[in-house]
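**Q** Sequence:
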Amino acid sequence: MNKGLDATFVHYGIRKDDLALIHRLADDAGLPAEWLDGVLKAYHEKKVRNESLEEKDIQRLLNEQLDKVGQ
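With my numbering, letter number 33 in the sequence shown gets 538, and the count goes up by one each step, no holes.
Simulated from the structure, these hints should not be mistaken for lab results.
Ideal Cβ placement from N, Cα and C applies to all residues, glycine included.
A portion of the hints provided could be inaccurate.
Restraint-style ranges between C-beta atoms, simulated for each label pair [claimed, not checked]:
hint, residue 1, residue 2, range
1, Asn555, Gly535, 31 to 39 angstroms
2, Asp532, Ser557, 24 to 32 angstroms
3, Glu550, Arg520, 15 to 23 angstroms
4, Gly535, Ser557, 23 to 31 angstroms
5, Asp533, Arg554, 27 to 35 angstroms
6, Gln564, Ala538, 16 to 24 angstroms
7, Asn555, Asp532, 25 to 33 angstroms
8, Asp562, Trp540, 15 to 23 angstroms
9, Asp523, Glu550, 12 to 20 angstroms
10, Lys521, Glu550, 17 to 25 angstroms
11, Asp522, Asp572, 28 to 36 angstroms
12, Val574, His549, 13 to 21 angstroms
13, Asn555, Ala534, 24 to 32 angstroms
14, Glu569, Asp532, 17 to 25 angstroms
In silico BS3-like links for lysine-lysine, alpha-carbon gap of 25 angstroms or less [claimed, not checked]:
hint, residue 1, residue 2
15, Lys573, Lys551
16, Lys521, Lys552
17, Lys573, Lys561
18, Lys551, Lys561
19, Lys573, Lys546
20, Lys551, Lys521
21, Lys546, Lys561
22, Lys521, Lys546
Using the sequences plus the hints, can you model the full thing?
**A** In structure tokens, the structure reads:
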């Protein structure tokens, strides 16, 4: 059995095909790709550091990233 990451496994722990779908849905919703990448990066960093990711924490993360959209 091969160990390690699948070749299609990319940034933020999301497979390439899934990330493409997420980007397409965000684009359809009018969200900038940079914003989405910021959300995914911030979320992934919290997961890697085993920080709290309860609903309120994710809401805070999204609000912080939404504040950056207009900047």
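**Q** Hint by hint, note whether the structure agrees.
**A** These are the hints, each one checked on the structure:
| no. | hint | verdict |
| --- | --- | --- |
| 1 | Asn555 x Gly535: 31 to 39 angstroms | holds (33 angstroms) |
| 2 | Asp532 x Ser557: 24 to 32 angstroms | holds (30 angstroms) |
| 3 | Glu550 x Arg520: 15 to 23 angstroms | holds (19 angstroms) |
| 4 | Gly535 x Ser557: 23 to 31 angstroms | holds (30 angstroms) |
| 5 | Asp533 x Arg554: 27 to 35 angstroms | holds (31 angstroms) |
| 6 | Gln564 x Ala538: 16 to 24 angstroms | holds (22 angstroms) |
| 7 | Asn555 x Asp532: 25 to 33 angstroms | holds (31 angstroms) |
| 8 | Asp562 x Trp540: 15 to 23 angstroms | holds (19 angstroms) |
| 9 | Asp523 x Glu550: 12 to 20 angstroms | holds (19 angstroms) |
| 10 | Lys521 x Glu550: 17 to 25 angstroms | holds (20 angstroms) |
| 11 | Asp522 x Asp572: 28 to 36 angstroms | holds (30 angstroms) |
| 12 | Val574 x His549: 13 to 21 angstroms | holds (19 angstroms) |
| 13 | Asn555 x Ala534: 24 to 32 angstroms | holds (30 angstroms) |
| 14 | Glu569 x Asp532: 17 to 25 angstroms | holds (21 angstroms) |
| 15 | Lys573 x Lys551 | holds (18 angstroms) |
| 16 | Lys521 x Lys552 | holds (19 angstroms) |
| 17 | Lys573 x Lys561 | holds (19 angstroms) |
| 18 | Lys551 x Lys561 | holds (14 angstroms) |
| 19 | Lys573 x Lys546 | holds (14 angstroms) |
| 20 | Lys551 x Lys521 | holds (21 angstroms) |
| 21 | Lys546 x Lys561 | holds (18 angstroms) |
| 22 | Lys521 x Lys546 | holds (15 angstroms) |
Of the numbered hints listed earlier, not one is contradicted by the structure.
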